[in-house]
Amino acid sequence: MNSETHTEKQEFNITVYTENHIGLLNRVAIIFSRRKINVESLNSSPSEIEGIHRFNIVINETAEVVRKIAGQLEKQVEVLKVYFNTNHDVIWQEMALYKVPTDVIAERAIVERLLRENGARAVVIRKDYTVFETTGQREETDNLVRVLQPYGLIEFVRSARIAIIKASDGFHRKLQEFEQSEPGDEVVENAYLNSREKVFTM
Amino acid sequence: MLTKEKPAPASPEKAKTISGAEAVILALLEENVETVFGYPGGAIMPVYDALYDYTDKLRHVLVRHEQGGIHAGQGYARASGKVGVVFATSGPGATNLVTGLADAQIDSTPLVCITGQVFAHLLGTDAFQETDILNITTPVTKWNYQVTDASEIPEVLAKAFYIAKSGRPGPVLIDITKNAQLQPFEFTGYKPCKHIRSYRPKPHVRQEYIAQAAELINQAKKPFILWGQGVMLGSAEKDFRAFVEKSGIPAAWTIMGAGALPTDHPQNVGMLGMHGNYGPNVLTNECDVLIAIGMRFDDRVTGRLDKYARQAKIIHLDIDPTEIGKNVPVTVPVWGDCKETLPLLTELVEAQEHREWLQQFRTYNNKEIEVVIQDELFPTTEEMTMGEVMQQLNELTSGDAIVVTDVGQHQMVACRYAKLNHTRSNITSGGLGTMGFALPAAIGAKFGAPGRTVVAVIGDGGFQMNLQELGTIMQSGVEVKMLILNNRFLGMVRQWQELFHERRYSFVDITSPDFVKVASGYGISGRSVSQRDELSSALREMLSHKGSYLLEVMVTKENNVFPMVPQGCSVSEIRLK
Numbered sequence: 001m002n003s004e005t006h007t008e009k010q011e012f013n014i015t016v017y018t019e020n021h022i023g024l025l026n027r028v029a030i031i032f033s034r035r036k037i038n039v040e041s042l043n044s045s046p047s048e049i050e051g052i053h054r055f056n057i058v059i060n061e062t063a064e065v066v067r068k069i070a071g072q073l074e075k076q077v078e079v080l081k082v083y084f085n086t087n088h089d090v091i092w093q094e095m096a097l098y099k100v101p102t103d104v105i106a107e108r109a110i111v112e113r114l115l116r117e118n119g120a121r122a123v124v125i126r127k128d129y130t131v132f133e134t135t136g137q138r139e140e141t142d143n144l145v146r147v148l149q150p151y152g153l154i155e156f157v158r159s160a161r162i163a164i165i166k167a168s169d170g171f172h173r174k175l176q177e178f179e180q181s182e183p184g185d186e187v188v189e190n191a192y193l194n195s196r197e198k199v200f201t202m
Numbered sequence: 001m002l003t004k005e006k007p008a009p010a011s012p013e014k015a016k017t018i019s020g021a022e023a024v025i026l027a028l029l030e031e032n033v034e035t036v037f038g039y040p041g042g043a044i045m046p047v048y049d050a051l052y053d054y055t056d057k058l059r060h061v062l063v064r065h066e067q068g069g070i071h072a073g074q075g076y077a078r079a080s081g082k083v084g085v086v087f088a089t090s091g092p093g094a095t096n097l098v099t100g101l102a103d104a105q106i107d108s109t110p111l112v113c114i115t116g117q118v119f120a121h122l123l124g125t126d127a128f129q130e131t132d133i134l135n136i137t138t139p140v141t142k143w144n145y146q147v148t149d150a151s152e153i154p155e156v157l158a159k160a161f162y163i164a165k166s167g168r169p170g171p172v173l174i175d176i177t178k179n180a181q182l183q184p185f186e187f188t189g190y191k192p193c194k195h196i197r198s199y200r201p202k203p204h205v206r207q208e209y210i211a212q213a214a215e216l217i218n219q220a221k222k223p224f225i226l227w228g229q230g231v232m233l234g235s236a237e238k239d240f241r242a243f244v245e246k247s248g249i250p251a252a253w254t255i256m257g258a259g260a261l262p263t264d265h266p267q268n269v270g271m272l273g274m275h276g277n278y279g280p281n282v283l284t285n286e287c288d289v290l291i292a293i294g295m296r297f298d299d300r301v302t303g304r305l306d307k308y309a310r311q312a313k314i315i316h317l318d319i320d321p322t323e324i325g326k327n328v329p330v331t332v333p334v335w336g337d338c339k340e341t342l343p344l345l346t347e348l349v350e351a352q353e354h355r356e357w358l359q360q361f362r363t364y365n366n367k368e369i370e371v372v373i374q375d376e377l378f379p380t381t382e383e384m385t386m387g388e389v390m391q392q393l394n395e396l397t398s399g400d401a402i403v404v405t406d407v408g409q410h411q412m413v414a415c416r417y418a419k420l421n422h423t424r425s426n427i428t429s430g431g432l433g434t435m436g437f438a439l440p441a442a443i444g445a446k447f448g449a450p451g452r453t454v455v456a457v458i459g460d461g462g463f464q465m466n467l468q469e470l471g472t473i474m475q476s477g478v479e480v481k482m483l484i485l486n487n488r489f490l491g492m493v494r495q496w497q498e499l500f501h502e503r504r505y506s507f508v509d510i511t512s513p514d515f516v517k518v519a520s521g522y523g524i525s526g527r528s529v530s531q532r533d534e535l536s537s538a539l540r541e542m543l544s545h546k547g548s549y550l551l552e553v554m555v556t557k558e559n560n561v562f563p564m565v566p567q568g569c570s571v572s573e574i575r576l577k
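For the protein sequence lines, the chains are A and B, in the order given.
For the first sequence, position 20 matches number 20 in the UniProt record's numbering, and the numbering has no gaps at all.
For the second sequence, position 69 matches number 69 in the UniProt record's numbering, and the numbering has no gaps at all.
To be clear, the hints were calculated from the coordinates, so they are not data collected in a lab.
This structure is a prediction, so every number in the text was calculated from the model and none was measured.
Backbone N, C-alpha and C define an ideal beta-carbon position, used for all residues, glycine too.
Treat each hint with caution, since some may be false.
To be verified - The calculated lysine-lysine pairs, modelled on DSBU-like cross-linking and capped at a C-alpha distance of 30 Å, are:
no.	chain 1	residue 1	chain 2	residue 2
1	B	Lys-238	A	Lys-174
2	B	Lys-202	A	Lys-81
3	B	Lys-221	A	Lys-36
4	B	Lys-202	B	Lys-14
5	A	Lys-75	B	Lys-577
6	A	Lys-36	B	Lys-307
7	A	Lys-9	B	Lys-194
8	A	Lys-75	B	Lys-339
9	B	Lys-238	A	Lys-75
Unchecked claim - Negatives, chain B to chain A, calculated, CB over 10 Å:
no.	residue
10	Asp-53
11	His-65
12	Arg-197
13	Gly-248
14	Pro-321
15	Arg-362
16	Asp-533
For reference, chain A alone in the conformation it holds in the complex (with noise of 0.2 Å):
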């Protein structure tokens, strides 16, 4: 990364691995905000390990703040492990709802139609209003918003980015090395904390 990229501010992935535990959304949270850093997104979801966790939390920051708060994630006694990529170093995607009244829709052929050009799905239908779902990207689902403001958009909501890292192999391998790692020669599976999704809100 030239020095540049390292002073300007820019969109920022953040790829936390953790174990699932009461409380550790607040940890991870006040990191933020201890530092009046706005979270732009926050998705919280299992990984393709069972029982460990993913956050993925967008920022829009310098490298150098990013690095930073990276390594004060990774400090977090139940953080497993913490990357930080650019919107260039992954796919990522949000989606999307819109609730529109239905008559709209049946009366205005166009309605439909902008519907299809923007690939949006239609997933309720009722006689009084229709709710419609994309997935994409931030332009794609804002891009829809706009269209549909004029015929009279009901409700918008947009979940959290989820993103995965083009170049990671998945977090198999590096959690096999955590659970065997100095110090201590034998490995204290923590059972209790994962054994307790039941407990487990977020």
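Given chain A's structure and the hints, the job is docking chain B onto it.
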């Protein structure tokens, strides 16, 4: 005398039914805890009830305020190198720990705090003395966890101790709901924690960085060592001394690092930072290689960052990777435990002397003696200075005492002038700057190092911030020497008002009670002196008195601590007056 009987690890067949509260006590005994500082209350009563049966194995010190309890825990940990343990109840008991947790977090002090919590079924209902202590303490703990089921207790406490003391140490808070304390469960024995897969307290040392560091050091003409508390936290004092002596490099300390190398070691060139010594500050901006060991380039050490050691190549040894490159760009990062990295480095560095370079420090020191130190330690003014009190104390203790300080002018004077022959002898609130720290921390320090003399040097303001702990001294009989340097001002704020706010002395004029009478009310002997010819005999009396003693010394009102790096200035712009 505390007896130490370790029960053999119970096998599953020998599983016995005990309460969660008893499991807490058994865990503490397994972790070799001898002393707990605490204060009972509704939500922690089952733990206190279990403790009642173990008072022959576990000493409990009843404090007068939970803040006093946690500072005592910190003093204990800092003096002994062990984990400090604190009990508090839910609600206000728990929130009173917050200042101490923040202090321990920023000064890397290992603590395990156990708080009671309301019954699990009442969580979130605004029950009596319920507070969300986990979320309140998240920013100021290394780890925290809430236990709602008794069977979790052995494993969670094992994790708590492991996390508190490993890697970069820090405070851990375990919140236990009352139902979990009361609940009987099958206890199958206690297994100390040795590994947590998501937690890597220290890395494998990378030899290539050691080699790069050694090469820089060997080529350097003006190398300079800065050390911090990490040397002591890593128990690497001997390894550090070996490195210093073989390399022949001058070494200066942060206040958290004071004492890791004796004050009178010929290569110990003094204190860094805002009120540090003249030479170490000025020459930071003249050295060619800066070797930082277990310190974190705090803003009070660096002054203005963009004018800090820009000419130097920087080698940073630290166990916490987030400290490397956090404030100061680093040429060679040596991530690791200095107990491991220092011997490897010593092996590769060439034996040198750096005589001329050391002489530059001495030249600056002579100038500082002439302009500042002489008048501070041997004043010709009528009124006494804080420095001369420290000077006389040094003579009487020979530098063998533990000096605990509070926060403010007296802290800077005590840290600058205290003679320290031994490690773990300077206990102060460095990062957080917590007034009220010294009295309870001194109590804890004495429990942690019972064979040593503990002198708490405290200002008149700071003493009034936790003076209720005189009750703890009275009841426990612990021997603490309290030396109040009374200038009848909140001196450090006054100094700043004088220098930077046109002498507008806004609310720094503080009155005090008759401290000797207050002490007397607690059955503690004391004396107040205001004349120089009484000072030596009063200090002697304090030190030779059997039991605790309070000595108040009236010092000059408007003295300033110098040298000083004014805020926003470079270390080389340090002012001698």
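For each hint, the structure was consulted:
no.: 1; hint: B:Lys-238 with A:Lys-174; in the structure: violated (36 Å)
no.: 2; hint: B:Lys-202 with A:Lys-81; in the structure: holds (15 Å)
no.: 3; hint: B:Lys-221 with A:Lys-36; in the structure: violated (43 Å)
no.: 4; hint: B:Lys-202 with B:Lys-14; in the structure: violated (36 Å)
no.: 5; hint: A:Lys-75 with B:Lys-577; in the structure: violated (42 Å)
no.: 6; hint: A:Lys-36 with B:Lys-307; in the structure: holds (26 Å)
no.: 7; hint: A:Lys-9 with B:Lys-194; in the structure: violated (41 Å)
no.: 8; hint: A:Lys-75 with B:Lys-339; in the structure: holds (21 Å)
no.: 9; hint: B:Lys-238 with A:Lys-75; in the structure: holds (29 Å)
no.: 10; hint: Asp-53; in the structure: holds (27 Å)
no.: 11; hint: His-65; in the structure: holds (27 Å)
no.: 12; hint: Arg-197; in the structure: violated (5 Å)
no.: 13; hint: Gly-248; in the structure: holds (34 Å)
no.: 14; hint: Pro-321; in the structure: violated (6 Å)
no.: 15; hint: Arg-362; in the structure: holds (39 Å)
no.: 16; hint: Asp-533; in the structure: holds (53 Å)
Of the hints listed earlier, those the structure fails to meet are numbers 1, 3, 4, 5, 7, 12, 14, in rising order.
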